[in-house]
Amino acid sequence: MRKCVICVLMTTLLLAGCGTAGVSEAEELALTIRGEYLAMDRCAVQAAVTADYGQRVYQYEMAVSVNGEETSLTLSAPETVAGLTARLSGEENLLEFDGVSVETGPLDGDGLTPVSALPALLEAARSGYITACALEEDGTLLRMDCGDPAGSPGTGTEIVLWFDASAHALVRGEVSVDGFRVILCEFSGFTAG
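Adding 603 to a residue's 1-based position in the sequence shown gives its number in my numbering.
Heads up, some of the hints might be wrong.
Pairwise CB distance ranges, derived in the manner of DEER restraints [unchecked claim]: (1) Val684 to Gln658: 14 to 22 Å; (2) Leu641 to Arg690: 21 to 29 Å; (3) Ser627 to Gln658: 35 to 43 Å; (4) Asn670 to Ala735: 25 to 33 Å; (5) Gly686 to Ser769: 31 to 39 Å; (6) Pro756 to Glu726: 18 to 26 Å; (7) Ser627 to Ala770: 18 to 26 Å; (8) Ala666 to Ala735: 30 to 38 Å; (9) Pro756 to Ala685: 33 to 41 Å; (10) Asp713 to Val626: 18 to 26 Å; (11) Gly742 to Ala642: 22 to 30 Å.
Keep in mind that the hints were calculated from the coordinates and are not lab data.
We treat Cβ as the ideally placed atom computed from N, Cα and C, and that holds for glycine.
Work the whole structure out from these sequences, hints included.
Encoded structure:
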């Protein structure tokens, strides 16, 4: 499925460039980064996550390690939950500490939670339908917008990713549901391996 989406995206971008000077610098960089993230089987990052439930807003800080299909998140803030570890493998999400699991609650109808946000952002980087991309902040950041190709802007789940334009590290990600930002992630120390 990923290969099919990439082929469709590449064909669309190439056709859009016909009759012009070609694919834009931002589109070319987006495709390069997508290829790198598709090939990446592991990474580690520090994340500051803000989850907005409407009437409640929670902020977390965590160390994240991705190895293949398994993601491990260890919370460091707030202090009251420091040490909680989440392990995600495929469809199974579990937030645990000393054998006790905790429910964080979904942010959308598809079960998006603060725990599953980073895997969702990484999946968007790998195979999300790119609706727009642009270089920002004097060309130091690549912004990549992902969403439903048949949807309208501001409806459904939309993801915006920012990458360091030179190092290709993911530095920020947002998830919006029906035009309302429910997740904001800011990353530091991104390493791929």
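* To do: For the range 35 to 43 Å, tell me whether the beta carbons of Ser627 and Gln658 fit it or not.
  => At roughly 41 Å between Cβ atoms, Gln658 and Ser627 fall inside 35 to 43 Å, so the hint holds.
* Take the C-beta atom of Ala666 and the C-beta atom of Ala735, compute their distance, and say whether it sits inside 30 to 38 Å. => Between Ala666 and Ala735, where Cβ atoms are some 31 Å apart, the hint holds.
* To do: Mind checking the hinted window 31 to 39 Å against the Cβ distance between Gly686 and Ser769?
  => Once the Cβ atoms are compared, 35 Å apart, the range 31 to 39 Å for Ser769 and Gly686 holds.
* 18 to 26 Å as the expected CB spacing between Val626 and Asp713, which holds or is violated -> Violated, at about 32 Å.
* Asked: CB of Ser627 to CB of Ala770, is that within 18 to 26 Å?
  -> For Ala770 against Ser627, whose Cβ atoms are near 20 Å apart, the range 18 to 26 Å holds.
* Consistency of beta-carbon spacing, Glu726 to Pro756, with hint 18 to 26 Å -> Taking Cβ atoms as reference, Pro756 and Glu726 lie about 21 Å apart, which means the hint holds.
* **Range hint 14 to 22 Å (beta carbons of Val684 and Gln658) holds or violated** => holds, 20 Å
* Could one say that the CB atoms of Gly742 and Ala642 fall in the range 22 to 30 Å? -> The hint (22 to 30 Å, Cβ to Cβ) holds, given that Gly742 and Ala642 are roughly 24 Å apart.
* Holds or violated: 33 to 41 Å for the Cβ distance of Pro756 and Ala685? -> holds, 38 Å
* Check the following: the C-beta atoms of Leu641 and Arg690 are separated by a distance inside 21 to 29 Å. => For Arg690 against Leu641, whose Cβ atoms are near 23 Å apart, the range 21 to 29 Å holds.
* To do: Note whether the CB distance of Asn670 and Ala735 lies within 25 to 33 Å or breaks it.
  => With Cβ atoms ~31 Å apart, the hint holds.
The structure fails hint 10 only (numbered hints given earlier).
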